[in-house]
Each structure stands twice: as C-alpha cells, then as structure tokens.
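K.L.:
Chain order of the listed sequences is A and B. For the first sequence, our numbering gives the first residue as 1, with consecutive numbering after it. For the second sequence, our numbering gives the first residue as 1, with consecutive numbering after it.
No wet-lab data here; the hints were simulated from the structure. Backbone N, C-alpha and C fix where the C-beta goes; we use that ideal spot for every residue, glycine too. One thing to keep in mind: the hints can contain errors.
Said to hold, decoys possible - Stretches of chain B that chain A covers, calculated by requiring three or more beta carbons in the stretch to come under 8 Å of a beta carbon on chain A:
| id | stretch |
| --- | --- |
| 1 | 9 to 16 |
| 2 | 38 to 47 |
| 3 | 155 to 166 |
| 4 | 244 to 254 |
| 5 | 271 to 281 |
| 6 | 284 to 290 |
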Amino acid sequence: MKTLAQIPLPNSVFAALRRERMPGLSILLSAAIIILLVILSVAAPLISPHDPNAIDLAQRLQGMSLGHPVGTDHLGRDILSRLIYGTRVSLGAVAVILAMVLVLGIGVGSLAGYAGGRIDAVIMRFCDVFLTFPTFVLAMFMVGVLGTGIVNVVLAIALSHWAWYARIARSLVLSFKERDFVLAARVAGGSRLGVFFAHILPSVLVQFVVLCTLDIGHMILHVAGLSFLGLGVMPPMAEWGVMISDAREFIWTQPMLLFWPGLMVFCTVMAFNQLGDALRDRLDPALRAEAI
Amino acid sequence: MLRYILHRLAVLIPMLFGVSVVVFLMLRLGRGDPALDYLRLSQIPPTDAALLDARHLLGLDRPLLEQYGVWLGKAFQLDFGISYVTRRPVLDEILYYLPATLELAGVALILTLAVSVPLGVWAALNREGLPDHIVRGIAFTGVSVPNFWLGFLLVLCFSVWLGWLPPLGRGGIERLVMPAVTVSLMSLAINARLLRASMLEVAGQRHVLYARLRGLPERQVIGRHVFHNALLPVVTAVGMHIGELIGGTLVVENIFGWPGLGRFAVAAIYSRDYPVLQCFTLLMTGIFVLCNLAVDILYAWLDPRIRVAAVENAA
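Produce the entire structure from the sequences given, and follow the hints as far as they go.
P.N.:
And the structure:
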C-alpha cells in the first residue's frame, strides 16, 4: 500500500493534481458534448425526426425502430424528438437564469464591494437574509408566490441564487480594489466608475467563468427537479423532468421511457461539471478547495 | 465557547427576522390575491361582497405593517393560521408530515457521513491507485446524476427486476434504503471528493513531515495529524449539504410515495394555500439554520482559532 509519505510538499501538490487530470482531453470532450447540445437546441426543428407534440395513439409505447429510434411514449409521441426539444428548454432556461443571476449578483455585489461603508453593510445584510434560506426551499416558495410555469421557475431559481453571486462578486471586488493595477489606474486619473468598468469588472468576470460553468449543472438539476414536481414546464411541452414524471406510471412495463430523459440530464450536467472542473484546474487552482 | 454560542445566536436573530419579512412580503407583493384564492378554495363564488368579507376576515384591509405585526405575533405563538384547503391549523398539518421528512433527511445525512468519510480517506491513502479511481468515479457520477432519476433507476433495479425492495411507502428499513441512498448520493460524492483533496493538502504540510521525522507510526500520523485537520473543511461543507439534503428529500419523497412534507408542499403550491406555504418555508429555513448553527458550534469546538476570531471580530 502506498503511504502518504510519497506525497509531495504543498507547492507541488497542485501541480500534481493538475497533471493527473489531463485537462486538455476533458475540456475537449466536455466542450464537444456542450456544443452538440447547443446545436441540438438551436436546430431542434431541423434535426428532430418528428413533431415532438404530434400525438399518434396507434403508435403508443413502441420500442426502438427505424421510424422512432428510441421509441414512442404513452401518447405515441416520438421520444427522440422530445429529447431534442427538451435540450432547448433546459439550456434556454439556464441561459436566462445565468444572465439574470450574473447581472443581479455582480451588479449588487460590486456596488457593495466598491462603494463600501454603509451601503456595503446594508446590501450585505440583505443578501444574508436570502442566504439564510435553503436554496431549493426558497425556489419552491418563489414558485408558490409567482405561480407555476417555466417562466416563474426561471425567475424563482434566479431569485434564490443571486445572493451567492453577489457575495462572491463583492469579495472579488474588495480584493481587486486595492491591487496595484487598480490603484495605478486611479492615480493616472481614471474616474471611479471608469476604473471599475475598465479594470475591475473584467477581472471579476474572468473569475466567474469557472464558477458559472460549475453552477450550470446545478441549475439544470433544479429546473428539471421543479418540472418533475409538476411546478415548472407544463405538459405537453417537451422537457426532461416532465418526461420522467410522465413516464413514472410505465416503470413496470416501459422502463426505457424513464431512462432516456434522465440520461440526457445526466450527460448535460456531467459535461458542464467536467468542463468547470477542467477550467478551474487550468485557470485557477487556488479555487479548488473553496469551490468543491 | 459559551461566548461564541451566544455571539452566533445574536447574529442569527436579525437574520431570522429578515427571513420572516421576506416570507411575509413576497406573498403580499406577489401577483395573487389571497382573498380570491381563499374564496376559490372555500368554494364561495367571488362576488364583491364575499371578496370584501374575505379581505376583512384575512386582515387584508389593514395596513401592511399592521398585518405583518399581527402575523409575526401569532407566529411567535406558533399560530400560522388556518389552511385554506383543509381548514385545519397549518402547524398541525405540517407537524403531521414533518417527522417523515426529518427521518429521511436525517438518515440521508448519517449515510452521507458514514460513507463519504471512509471513501475519502481510502482514496487519499491510495492516491492514483484503484481505490482513488473508484472514488473519483463515484464522485464524478454522484454530482451529475439527477436525484429523481436515480430514484427511479433504483426502483427499476431493486423492485422491478430483482424484486428485493418495496418501491413505495414508509416503514421498516427496507423501505428506507432506496430513498436515503437517492437523497444522499450527491452530498456523499461531494464530501468524499472534498475530504480526499483536503487530506492530500494537509498531508503535504510541514507539521506532518515533522510528525513523520519524529518517528511516529504511520497510523498515528494519518489519524491524528492528517485526518483530524483534514476534517475541518468537511465539517463546514456539511452545513451546506444540509440544505441540499432538505431540497433533495422534498423531491425524492414524490418518487417513493414517502408521506412527507414535500408532497404536501407541492400540493399547497398548486392550490395556492398561502398559510401552508409560509409556514413550510419558515419551518424548513428554521431547521436549516439550526442545523447550520450546530455545525458551526461543532466547528468552533474542533478549531479554537474560529471561536476566538469570531468573538474578537464582533468586539
């Protein structure tokens, strides 16, 4: 058995961890999957073999065949087409959530960090309140307030996540605020706002690339989870969580109906997680411990 | 230590106050009109007179601040109002479903710790060996697999094909296994990975080298000098996992027909039963906060630096 004695001193630990992971390969692979998913979602009408909502009761619960590569569901709808359209919903929802969370989180967090003083204190107490809720419970509550439906689920998830982003953005801004390159820009005569947009914001955004990539998987799971509970996407719209929920009564007879949409969620989340991990190792090993 | 606990409690109270404001205000500022939903659920036709009556009955005609005060005052006396749907006190309803949810989340937490700690240590001790790859595989899968899908895969495997475990209901360990595994897998995976990384990091520090140079047996070096220190970030992470476990439980209950709060809450969201929704959110947040408090106290107990720093910062 190997012992811990063979483990190198701190400086080389990270280097070793980085080498063992072959980030080049995993970045390529996960990026390829993500690009494929994006193409599927954008070009869904061109690629999918059937109309995802076309009901054909004569063809219900078919197995794999040439016409329906992964079969049909209980209403005779083509599963492959529904899976492809489901990509649209998941990626689209996450893109909107991410945009909202980034704008709100970075905006509020940067304001707190850059303004400092009383503004900072007030904003951060406000964020703390949102951070006190368990995220999923807060999202459920928001859906309860706003009503069910995919738009409200997107809003609910954004509203339950933004405070985390605000806190991270604030601490990043605080750490950049006193750096030499920022001070130099100020000394050179840059206005407060100008220096923020030209020098601080870009550095903050770079840090968020990794965090966002790692969080996308999480958000996809939340969207699918809320839809599975029947709070998000409403049937007949094709969405992976709803497809799983629809298929549950056929678990004894047609288990594959459950299998495919789950596999899509799994692969999508895994691709984003893997890309996030690889990017983190590449861009910022120091984030490792903190963000796991 | 006592000072630390008091300090933490003092920080907590304004936070919970803020939570109550959010829970109250969001519903009042939301799009729905509670009086309309009340009438709908009571199956009274929403005439103007009935609407006025309902507004008066629910206190909606009074100023917002007064409404909040009344609501908070009642909440302190554990009176969260009457469910619009069942017409019974909300708290009674929720307390009826709560034990099942707590049981599942609690067992999932125990499972998470009981499995992830040995896995993390095993992987760290056999770095780059087969165990490390196995654990990495589990961690990798665990963080990406949707829990509701995993639940169905387990049912498919152990109930439909093998017929070993009953797929639905609560009672007995055989009905607890699959839901608990489903809820805990993600936290378990994250925790094992974190402990592995943390052990490797600690193992590289000089005090460990020094312990070895002193000729301490390997078992003692790893047990006392590496493991103990490596556990600290893991303890912090457990606080985060509790939120995930609560969320996971609420979803997974729906798969296994587990008679807990998750299904009740979803039903309340559907029917817009606002008092239930408020009480549910407050209660879940309260439990989450208390668990986190316990974790923080444990952490401070393990690491004296924390309790000293926290109290000094406040002073």
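K.L.:
Run every hint past the structure and note whether it holds.
P.N.:
These are the hints, each one checked on the structure:
no.	hint	result
1	9 to 16	holds (count 3)
2	38 to 47	violated (count 0)
3	155 to 166	holds (count 3)
4	244 to 254	holds (count 7)
5	271 to 281	holds (count 5)
6	284 to 290	holds (count 4)
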